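Chemist: Based on the provided sequences and hints, a complete structural model is requested.
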Amino acid sequence: MSDSLLSPEQRYWESQLHSFVTYCDGSEESHLTAENSTEGLLAGYRVGVKDIIDVRGVPTRNGSALCEHVNAALYDAPVVAGLKAAGARIIGKTTTTEFAFTDPTDCRNPYDSRRTPGGSSSGSGAAVAAGFLDLALGTQTAGSLCRPAAYCGVVGFKPSYGVLSTQGVTPLAVSFDTVGVIAKSVKVAHDSFATLTQSAGFESSQHVRFSKVLFPTENQASDDTLAALAQALDTLLGAGLLIDKTKISINVSEIVSAHRTVMNAEAAQVHKNLLSSNFVELLKPNFRAALQAGHKLSPSQIAAARRVLRDASEWFWKQLEGVDLILSLPVPEGAPLLDGTTGFQDWLTPWTVFGGPLLCLPWGLDTLGRPRSVMLAGRPGDDNKVLEVARQLELLSPILPRPRAPVGFTHVI
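Going letter by letter, the sequence shown gives residues 27 to 439 in our numbering.
These are calculated hints, taken from the structure and not from any lab test.
Bear in mind that the values here come from a model prediction, so they are computed numbers and not experimental data.
Hints are supplied without guarantee of correctness; some may be wrong.
To be verified - Below, computed lysine-lysine pairings styled on DSBU-like, alpha-carbon distance capped at 35 Å:
(1) 273 / 238
(2) 271 / 213
(3) 238 / 213
(4) 238 / 271
Unchecked claim - Distance ranges between label pairs, derived from CB positions:
(5) 140 / 268: 40 to 48 Å
(6) 193 / 326: 30 to 38 Å
(7) 366 / 344: 33 to 41 Å
(8) 201 / 366: 24 to 32 Å
(9) 235 / 301: 45 to 53 Å
(10) 336 / 304: 36 to 44 Å
(11) 327 / 406: 20 to 28 Å
(12) 65 / 269: 36 to 44 Å
(13) 98 / 301: 25 to 33 Å
(14) 395 / 41: 18 to 26 Å
We put the beta carbon where it would ideally sit given N, CA and C, even for glycine.
Modeler: This is the structure we're talking about:
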């Protein structure tokens with residue numbers, strides 16, 4: 027498929043970023059133009075779709091060599107169909123780690139090609155940050171959407187678990203899989219969420235009570251990142267929002283371990299055909315090891331892990347009675363150098379387990395020129411409340427310089 031939907035300058039930059047795996051060709055673009063509303067809420071928005079989500083007429087390859095020759099999808103995933111119906115223009119499929127797990131891709135961070143864009147929604151974060159897209163669909167099972175948003179300096183919104191359909195999305199672990207968006211602004215994230223949920227506008231933030239939550243310990247975060255959190259907290263106070271000083275007791279390592287047990291077990295179940303195939307050795311090492319580990323788990327081990335997660339979630343929210351929203355950090359520092367991983371996700375895993383909406387908001391650059399990010403979190407169902415406060419906070423946030431384009435390329439967002 028052609029990359030003609032990008033300008034020549036963008037194609038040159040993309041040859042270094044590798045944020046797309048395929049583009050919608052001319053026939054698909056004609057199909058979109060014929061079906062899309064030109065007056066919808068998303069009219070004119072350029073959208074990318076993580077390559078574990080079906081787009082009609084385009085193969086879903088899941089970032090895997092095993093899917094190299096799969097047939098094109100016959101139908102749009104409901105989340106894709108919803109965006110199209112509102113006027114969005116699907117530009118292409120974005121790079122994902124293999125089956126949305128942790129093996130890194132060749133995608134690079136637009137701010138520094140020596141650094142990871144995060145994963146697993148790697149291409150979605152990079153393409154929005156580079157200005158190729160206004161919006162991209164991603165997914166989160168542990169930290170797969172919020173982390174690329176944080177590392178690439180864009181807005182990432184993971185809705186409450188179960189709010190957006192996962193039909194037409196390749197599963198990893200159905201107990202956690204959540205479709206969300208990476209966007210150039212909170213407004214774009216809100217518009218897409220409102221379209222897909224048929225919800226009303228932003229929800230009033232009057233009398234919202236906040237708490238600052240960091241775990242497991244603040245000393246894991248860099249000074250630059252902690253400064254961003256302090257500045258965001260001061261901004262909320264200056265806007266007249268109430269801040270609680272709630273101290274949270276939580277065992278992050280226990281939650282991360284139990285989450286991994288359940289995730290591996292569910293991944294092994296849904297992908298058991300891969301384990302029994304003659305091509306299992308073609309799988310990338312982290313994903314293959316996860317499937318093999320999940321296959322060996324006993325029912326009692328899985329049940330015990332589920333109890334840990336259920337109890338941890340209940341205890342977490344009990345400690346925050348009377349608190350509406352939470353200000354926290356998605357990652358301890360900016361994007362790390364390429365090291366064979368997709369970055370740090372242990373802080374995001376518990377938030378995914380807790381099931382509520384998460385919104386990562388860019389907060390300037392650190393002293394190394396990496397985007398900083400703060401995160402708003404809410405109780406399950408409080409998606410619009412999170413979006414409204416994020417909209418207000420975004421207006422008061424530091425200006426984030428856009429990533430430098432290659433020599434000879436003038437970047438306009």
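Chemist: It remains to establish, for every hint, whether it holds in the given structure.
Modeler: Here is how each hint holds up against the structure:
1. 273 / 238: This hinted pair holds, its Cα atoms lying about 9 Å apart.
2. 271 / 213: Judged against 35 Å, a Cα distance of about 29 Å means the pair holds.
3. 238 / 213: Given pair residue 238, residue 213 holds - Cα atoms ~24 Å apart, limit 35 Å.
4. 238 / 271: 7 Å, holds
5. 140 / 268: 40 to 48 Å: 42 Å, holds
6. 193 / 326: 30 to 38 Å: Holds, at about 32 Å.
7. 366 / 344: 33 to 41 Å: 39 Å, holds
8. 201 / 366: 24 to 32 Å: Roughly 27 Å apart at Cβ, these two residues keep to the hinted range, so it holds.
9. 235 / 301: 45 to 53 Å: 48 Å, holds
10. 336 / 304: 36 to 44 Å: 39 Å, holds
11. 327 / 406: 20 to 28 Å: 26 Å, holds
12. 65 / 269: 36 to 44 Å: 42 Å, holds
13. 98 / 301: 25 to 33 Å: For residue 301 against residue 98, whose Cβ atoms are near 26 Å apart, the range 25 to 33 Å holds.
14. 395 / 41: 18 to 26 Å: 22 Å, holds
The earlier numbered hints are all upheld by this structure, with none contradicted.
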